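Asks: Need the complex rebuilt from these two chains, each delivered in its own frame; the hints are there to steer you.
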Amino acid sequence: MRGVWTDRLLGGVTIVVFLFILAPVASIIVFSFNADRYPSLPWGGFSLDWYRAILTDETVRRGFGRSLQVAAIVSVLATFIGFATAYVDYRFRFTGKLAFLALAALPPTVPVLILGLAMLSFFSLIDLVGTLTGVIAGHVVLCSPFAMALIRMRLAEMSPDLEGAAWNLGATRWSCMRSVVLPFCKPAIFSALAITAAVSFDEFMIAWFVSGLNETLPVRILAMLQGQVSPRINAIGTIVFVITIALVFLAQFLTTRKADKEAP
Amino acid sequence: MPDTITTSRRRPQIDGFAAFWAAPALIWNGLFFLAPLGFLVGMTFWVVRNYRLTPDFVLSNWERMFTRGFFWESFLYTVQIGAVTAMVASLLAFPVAYFLAFRARPSARRLAIFLLITPFFTSYLVRVYAWMVILAQEGVVNAVLGGIGIAAVSMLNTSFATVIGYLTLCLPLVILIQFFALSNVDRDLVGASHNLGCGPVRTVLTVVIPSARIGLILAAAFAFILSFGDYVSPVFLGGSSPPTMSILIVDQTKSGNNWPRAAVVAVVMIATLVTVLFSALALAYGRGRARA
Chain A
1 MRGVWTDRLL GGVTIVVFLF ILAPVASIIV FSFNADRYPS LPWGGFSLDW YRAILTDETV
61 RRGFGRSLQV AAIVSVLATF IGFATAYVDY RFRFTGKLAF LALAALPPTV PVLILGLAML
121 SFFSLIDLVG TLTGVIAGHV VLCSPFAMAL IRMRLAEMSP DLEGAAWNLG ATRWSCMRSV
181 VLPFCKPAIF SALAITAAVS FDEFMIAWFV SGLNETLPVR ILAMLQGQVS PRINAIGTIV
241 FVITIALVFL AQFLTTRKAD KEAP
Chain B
1 MPDTITTSRR RPQIDGFAAF WAAPALIWNG LFFLAPLGFL VGMTFWVVRN YRLTPDFVLS
61 NWERMFTRGF FWESFLYTVQ IGAVTAMVAS LLAFPVAYFL AFRARPSARR LAIFLLITPF
121 FTSYLVRVYA WMVILAQEGV VNAVLGGIGI AAVSMLNTSF ATVIGYLTLC LPLVILIQFF
181 ALSNVDRDLV GASHNLGCGP VRTVLTVVIP SARIGLILAA AFAFILSFGD YVSPVFLGGS
241 SPPTMSILIV DQTKSGNNWP RAAVVAVVMI ATLVTVLFSA LALAYGRGRA RA
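Those protein sequences? They're chains A and B, same order as listed.
Numbering follows this note's numbering, with no gaps: position 26 of the first sequence is 26.
Numbering follows this note's numbering, with no gaps: position 146 of the second sequence is 146.
In isolation and in its complexed conformation, chain B is listed as follows (with noise of 0.2 Å):
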């Protein structure tokens, strides 16, 4: 490689041309995400006197938020409801990211990617309107139990009707980061656990999840970071009972009119969003992976 296109390709310094390329998003993000994302942590101080947000510097809407029992409920059931969806989509998915990792065929696996792909950018207001029609009383479970002799159970306005809300949002994301975790495995390890006389059960326990680690708990993590945050399932699958955090975001909002409170429990979400996910991160990366 000749020396001159070497350092040629290394320009340091900042000229016109650099800001041109880095302007765009400096200056579209910075005004339209990081200041609405700065106000909305400063809101929390404001004041609404007469119907109108009024700039202030008062405690009252934290004090106001952490001293009733329902905020702090709502929080405990939010982040409970989180931690099971991120559990059953991890035991759910596994099964399939392995077998697709270690036995479909490629076009099989090919196939399978791009079904888990599409429900990403497909409408999941729509999707979640369909489980609404599934599980209604009348609704096709219903029927299908119905014809086989057993009586219609409602399973809408229940946490189980929100938790298969969650995993229609996440379960296909879950798949995917698993399945490209799998597919990293090193097989000659696979094929040395067999050699050495594990039977299936035991390589995965012993050779495949450890060296999947990273990929498995970052997909559970999100898993909760998506349910967590979500406001449609809870809301028409769940009825709203009990009422999730987003639920209180929309309440203090749209019918409350209350935007400072509103953001008092937006700044705690992200707060616990971003605990949560270092807290994974750590885990993740952190102590015992030498033992591998």
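This is chain A alone, in the form it adopts within the complex (with noise of 0.2 Å):
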């Protein structure tokens, strides 16, 4: 029969994209136990001596420590931005809203590379360059429309009418949007701040060209791949997939539970 046979012809063509896909994210996780200082094949034993050795190595405990610092405060920040950007467009309407609208999604579309420049340049006038505060706030740009996106898709589940019902029977505009908005776009929320903290952590081009000397953990390991290539980073490159994943692991976890409870 034809369909069989193009059903695994489909099937195993997907099989090798994503093993195309995972491959990288295996080779780190596998090779950060290796115990050869060259990771390849054969298998040289396991080994945690790579963990010890970052573990041990304080520009790596610092940049670990900054890229935290940095990713609590962006993911605060960026998903307040991002809630006020999609309540205004849930329910206002006025004119230059689609360049409102613009300036606040933007961001993600233009290359890293050039943001980074752009922010070191300007940056470098009001005296941002060198500081984790110039960091955050070219991530806060980056990561705010991937809040405001998740946010505004929990909105459009929303009934306009819930809102309107609340002023008539007399709640003004700020205490409905305490107990009506905000409590119905928490699991959004929650969401938002996981993913936004997810993008900053991972982000190194605009944190490599503005933050100087306070190196935040990606732009370390930029330096280190710029030296000499060693098995460290799969360690390093382990611990962070494992917070990253986490990250987004919780906020699709949040997702779905939302989507589950309102089931009928």
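These are calculated hints, taken from the structure and not from any lab test.
Only a predicted model underlies this, so the values are computations on that prediction, with no experimental measurement involved.
C-beta: ideal position from N, C-alpha, C; glycine also.
Derived contacts from chain A toward chain B, CB cut-off under 8 Å, selection only:
| hint | residue |
| --- | --- |
| 1 | Thr6 |
| 2 | Asp202 |
| 3 | Ile233 |
Far from chain B, by Cβ distances over 12 Å, these chain A residues were calculated:
| hint | residue |
| --- | --- |
| 4 | Asp49 |
| 5 | Tyr51 |
| 6 | Leu55 |
| 7 | Glu58 |
| 8 | Thr59 |
| 9 | Arg61 |
| 10 | Arg62 |
| 11 | Gly65 |
| 12 | Leu68 |
| 13 | Ala72 |
| 14 | Gly130 |
| 15 | Glu157 |
| 16 | Ser179 |
| 17 | Lys186 |
| 18 | Ile189 |
| 19 | Phe190 |
Replies: This is how it looks when you write it as structure tokens:
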């Protein structure tokens, strides 16, 4: 039968493509436990040496601390801006709305390299280069559109009459925001916090241009790649993967749990 | 629906409440996104004197870049390798997206989508390092090739390795966009085509691809946009030779310390990306659509 033959071919190609997508991740994790100096086959035996090496590396530890700090602050700011923008798009109509939304949503479409260069040159005028504040300012620009998209999708599920009903019952718009809109958006707000933290934690181009000597963890990895390539990068990579995948997983869990709860 | 509610939900006036929610994005992105990009364009007319960026209005940076052969070689190479990546990514992604949209079980589909979203948020830098290890002279691929008696091939520092890196960056997104496009194809059309005696290949070519055209074109455009702007793959996998536009920018910024010239390259890149995006949109939504 013709159908079976084409299905097998399609399934085969799908598996090969997924192997290609997952191969780098698997390689990083597997070789982070490999004893050999050079990561290749055959397997050189199990070892935790590379983890020990990075845990005692002061530059890595400091970079890790800075990345966590930046990601935490960025996620809160970006989620607030994303929420505010999503709510404006949901609730109001005004002239220039398209321009407003373009300003809010376009940053991720500009290559981060160009954002980095633009921010480096402009931030040097206002003394933000070489500071974590500069990195945070840049990361919030990059991250808030992701928060906006997640929260806007959630708002699309909210009946527009819900707010109207609250207003008619005498609630002010501020109290209605607090007791109706915010609780409704809560799952999306938490996913947005997780996703924006993941994006910021991984971002290295803006950070590389703007951070100066205050290297974040990905900038530290970039510097290691430019120098002597070392299996320690596998160990850092595994830790970074675990953190970001945990954040993405958390975000997806929060989004799907809310959907399940509301399913009739 | 009572009228009071419908009228109250359309409050057109801009007051303090509305301004409060519009202000964060306006202020933040105005200050940290629009102003830097505007400054980037303005800076192309400035000069560097005694290692200092000095306000001016001269065209020398533009002349300097546009009259150099290496600039145009780099431009052509970057466009070319981006186009190759967009094509390869589209061709590789299509069978996968087709399988997920039409053949896979819902549970397999959910898992696949999770696996496609996750890489987007996990360190691209580290994944490129993984490819450096896998493709190296003593790496995994050559170890396997050696095992079956094929001599080691040097794959690093080639355009091939750069494309592998670009695919790592864009393939998951291309599959996702194609998958959503194919999911929206009318199943009745596909069924009708089968009933009228079309084989699977002819159905794909004459029914599925034309119906999913917009998504397929946009997916290819995004693959180009992502690869065109990338710096990591051409450096660490391609060995910076020949240099892409992104490498020119970093060289001019970090070692050349000539921000205005880097800004010229950046503005040319933005112009190219905008042109590609609008051509793709014109192609996707333009002529020939009525035929379907």
